[in-house]
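Next come the chains, spelled out residue by residue.
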Amino acid sequence: MLLQLNNISKWVHSGGQKVFLLKDINFWVHEGDFITIMGPSGSGKSTLLNVIGMLDDFNEGAYTFLEEPVHQLKEKHRANLYKQYIGFVFQAYHLIDELTVRENLEMPLLYKKQSASERKALVADTLDRFNIVGKKDLFPAQLSGGQQQLVGVARALIASPKLILADEPTGNLNSKQGEEIMEIFKELNSQGVTIIQVTHSEKNAAYGSRIIKLLDGRIE
Amino acid sequence: MYTLYFKIAIRYLLKHKLYSFINILGLAIGIASFILIMVYVNYERSYDQFEGSEQVYRVYMDYLEGDTFVPGDAQTYNLIGPTLKEAFPEVLDYVRFYRLEETTFKIEDRVIEINNSCIADPSYFKIFNQNLLKGDVQTALKEPNSIVLTETVAQHVFGNEDPMGKTITVFRGSPVLVTVTGIMKDIPENTHFKINYLLSYKTMMGWDAISDNNKELNWNNNVYYTYLKLAPNTHMAALQNKVKASDFEDIPDERHNIEPIEDIHLYSNKPYEAEVNGSATRITFLTAIAFIILMLSWLNYINLSTTKSLERAKEIGIRKVAGAQKRQLVFQSLLESIILNMLAIVLAVLTASIVFPLYNSFTGKSMSFELSELANLLPVLGVLLLGMVLAGVYPAILLSSYSPSRALKGKLRTSAGGLHIRKGLIITQFLATIVLLIGTIVVTRQISFMQEQPIGSDLKNVVAIKGEILAKKQDSVLIQDFMTLFQELQKIPAVEQVTVSQTYPGDGYENLSSFMGITYPDGTEEGNKVWYNYEIQPGYFDLMGIEFLTGETFVPRAENYNNEDIIINEKFAREIGIANPKEAVNQKVKFWDREWNILGVIKDYHHFGLKTPIQPMMMRYALTKENLMVKLNANVNTTSGYQEAVAQLQAVWTSVFPESTFNYTFIDKKFQAQYDEDTRFGYAFNVFTALAIFIASLGLFGLTSYTCLQRKKEIGIRKVNGASILKILQLLNIDFVKWVGIAFIIAIPVGWYIMNSWLENFAIKTNISWWIFGLAGIMALGITLLTVSWQSFAAANRNPVEALRDE
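Just so you know, the protein sequences line up as chains F and P, in that order. 45 is the number of the first residue of the first sequence in the numbering used here; add one for each residue after it. 517 is the number of the first residue of the second sequence in the numbering used here; add one for each residue after it.
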C-alpha cells in the first residue's frame, strides 16, 4: 500500500454555510497503480490531487502515506516526505521563467541538498532520456507548449519519485503532443512508477488501470 | 545553490527593467542625497575640533536686558583671562586675541593685503594644539615685533625663500616692523576663528595702530577674544556658575560667561563674532530632510517590492512544490534585496562623488569626499539598509506562508493587513512630500520677502572705497588729501555723489562704535544697554537715500569745530522716551561725559539685515576717513559700466595716494550677502524637495503600472459592460486621491508647526497663510494624478478584448 485516505473531508465557509469540496473520501493506492480521477468541473478533482500531494490541507479524516500519518505531521516533515517521493506535473507546466531548462531540472535537486556532481549527472541523464539535450540552455518562453510540458515531466521525474501526480497534463497541448506525454507516462508506469492523473479526456483515461469518478466532492 | 539564487536575481532584475530601474534609481537618489546632506552636516558639526578642544572654552559677555542676562558680546576685556586663571585653579591657561581684520604687508617694494589675523598671547600654540613647521613654540610669540605666518601666507609672501628671520612692515593705519619667527600649518577651514598670521602680544605696545586704552590692562575696553584651557574633567556647569557669579569689573549689569569652543560655530550668534557662524536650526532641518528623503526611497522600495512580489507567487509555489523550505525562500529574497541595494549604493556613491565639486562650490565650503569620512555615516546607513533588506524579506515570509496550491494559482491578493500596511506607507510618503512642499514654499517666500523688504535706505550703485595708505603722513595732511580726493572723484562723470562714513548698512558690527551708559533727555540714567553709533559726513543721508522725519543733517561749521550734534533714528528716539520724533530735535542726551544735541531724526533703516530687529542707531559728525562712499549715476548699470567706473575711481585714488592699496565694495551686494546662507539653504531645500517628490513619483509610477496590470481583467470586464474611459480613470485614481487627502490633513499641523519654528529665527518674517497649505496640497495632488494617470489612462484605453483574451 502506497497511500490510503480514510473519510477525508474538506470544506470552506461561504455565506455562513459549509461548502464541501471533498466529502467522506475513502481511497487507496498500491505501488505501480495508474489511476485516473475524472469528473465534471468543480467536482473536486484537483483538490483531491492537491490533498494527495500534500499541497493542501484537509479538515477531517486520516491520510497515511507509506505508513506515515500525514495528518499528524508537521509541515517540515510533510515537505520532506513529498520532496522525496512525489513528483508533480501541471497543466500550466509551471516552469520558472527566469531559469533555463537545465536549471529548472536542477532545482528540485538543490532542495534535496545533493552534491554538485550528482546533480550534474542526474540532469545530464534526464536531458538525455527526454531527448532535450539541445534545449538545455533555452528559457521556457523559447519552447513550444509540448516541449515545456516535457521539461515539466522531466523535472517531476528527476528526483526518482515513487508517485507522479499529474493535473490535466495534456490540457494545454495539441493531440499529438498529448499522446507523446501519455506514452511517457505509460512507460514510466511499466517501470514501476505509480501515477495518479486528473483528466477530462476518455482517451487519456484509457492509459490508466483504474478510474475514480468524482461528483460534488464525493466518489461515485 | 547560491550561484543559482544570484543568477535568478540578476535575470529577474534584467527582465523587469522598469521595475528594477525605478527601484534602483529611487534608492540611489535617496542615498546620494542623504550622503551629500550628511557630509555637509558632519562638516558643520566638525568645527573647532582638535586634540584637547573639549577643554577649550571661550569667555563672552552677558548683558542685562530687563531683568535677564542675554549674550551680548563675543569679545571681552583683556583682564578677564589673567583674572580667571588666578581666581579658579581649574583654569589652566588663557589666550587673548586682538583681531586685525584688514592689514597690508610691505616687503621691500611689494605691497600685499592679508586679512584675518590676530595679535595673540604666546599660549596660543599650546591651547590650540598647533605645532610650528619652523621656529620654536616656546619663543615664537614671546618677543615684541614677532610674526608667525601660516604656510600658505609664507608661500604667498616669500615664495620659496626661507621666511625665517625676514622682516615685514605691517600697516594698519600706521606701520610696525616685524620679524618672522615661525611658520605654522594652515588653520583648517572648519574653524570659527580663521587666522592667516599672528603677531606677538607685546607687538601692540609699540604700535600706533592700537589705541592706548587697548594696550593697558583694564575693565574698559572689551575688544579681545579670550579662550581658556580648563583642567581635564572640569565640571563645566559649576565653573560656569562661578564665572557668572563673580564680578571682577564691578559692573552689575554685565557679567562674564563661558561656552565650549566646539559649540561656537553652530550655537553662538552674538554681536562681534569672529565670523558669521552656522546655524544649528539649519543643520537640524537639513538632517531631517536627509532622513525624510532616505525614508521616502525606503518606503518606495518596500512598497514596490511587496507589490511586485505577489507577481512571483507562482515561482514561489513551484519552489515549494519542488521542496523549498521557508528559510531557503526567505534567503533568496534577501539576496535579491542585497543585490538591489548594493547596486543602488554604488550608483549613489558614484553620483555623489561626481556632483561633489559642484556641491562644494555651492555650499562655499571645502569639504572632502572620502570613503573614510563616509564611514561616519555608516551606522545610520547601516540601520536603514538593514531595514530595506528586511523589507525584502517581508513579502517572502508572507508568500511562503501560503499553501503552495494557492500560490501556484499565481493570483494572490494581499491580505487586508498587508493592504493596510501598503496604504500606510503610501500615506506616509505623501505626508512627507506635502510637508516638504509646505517647507519649500515657506522658505522661498521668506527669502524673497527678506530680499524685497524695504530696508529704509537705497544701496544701489553705492561703492564703498577703502585702502591702506602706506606713506607716512600727518593726519592734517591726510585730511587735506581726502579733500582733494573728494573733489577729484566728483569730477568723474559716472559719479553722482561722494561722502565719507565709518560704516554702512550691511557692514555688520565690526566697524560700529558702541558704548554703555547714557542719560536720557528727561534725566533718566540708563546703564544696561549697548548703544551703537558711527561717524559720518553730512552728505551721507542724501547719498544713502535715508529720509529725515524731522530736523536736518549736519552743517559743517568752522574748522576744528568740535561738533556735538547727533542724528538719531526713530527707534533711538522711542528708546530714550520720546514718542513723537518731532519733539526730539534739540533735546539733549549725555554719554562719554559730554552733552549731545539731537539735530534730527531719521526714519528707521536696517543696519544689520533683516534677521536682526531694528536697533537704536546714532550718527556723529567727524572727519572720518574709513570708507569713501561713492554713488554712481543710475545710468551705470552694466557689468562693463561698473568695471569702467571702478577703474576710474581707482585711478583717481592712486593719483592722490600713490603708495596705497585700493579696495571697493558694492554695498548692495554686501547687504544681500548676509542672506547667502539662507538663500543657499532655500535653494538646497528646493532641490531636495524636488528630488523627494521625484522619488515618491517613481514609486507611484511603479505602483500604478502594477495595479493596472493586476486589474487588467477587471478593467476589461467593466469596459465590456459599458464603463467609459473617464469612469475607469476614476476607478483607478480615486484611491490615490483619498490617500493624498488623508496625508494632507495630517500635513497641515505638522507643516505649520515646523515652519513656524523655523521662522522664529527671523526678526522680520512672512506669515504662513492658508493658501500655502492649499498650494502644497494641490501640487501634491497634481503630481500624483499626473503620475498615476499616465499609466491608468493607457490601461483604461486598452481594447478590453485583449485583456480578456489573456485569461
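Incorrect hints may have been included.
Claimed, not checked - Short derived list, chain F residues pointing at chain P, Cβ under 7 Å:
#1 G76
#2 D77
#3 F132
#4 H138
#5 I140
#6 R146
#7 M151
#8 Y155
What the hints contain is simulated information worked out from the structure, not anything from laboratory work. Even glycine gets a Cβ: it sits at the ideal position worked out from N, Cα and C.
To see whether the hints hold, each was checked on the structure:
1. G76: violated (23 Å)
2. D77: violated (22 Å)
3. F132: holds (5 Å)
4. H138: Where the cut-off is 7 Å and the nearest Cβ of chain P is about 5 Å from H138/F, the hint holds.
5. I140: This interface hint holds because 5 Å falls under the 7 Å limit.
6. R146: Violated, because the Cβ-Cβ distance from R146/F to chain P comes to roughly 11 Å (cut-off 7 Å).
7. M151: holds (5 Å)
8. Y155: Check passed: Cβ of Y155/F comes within 4 Å of chain P, closer than 7 Å.
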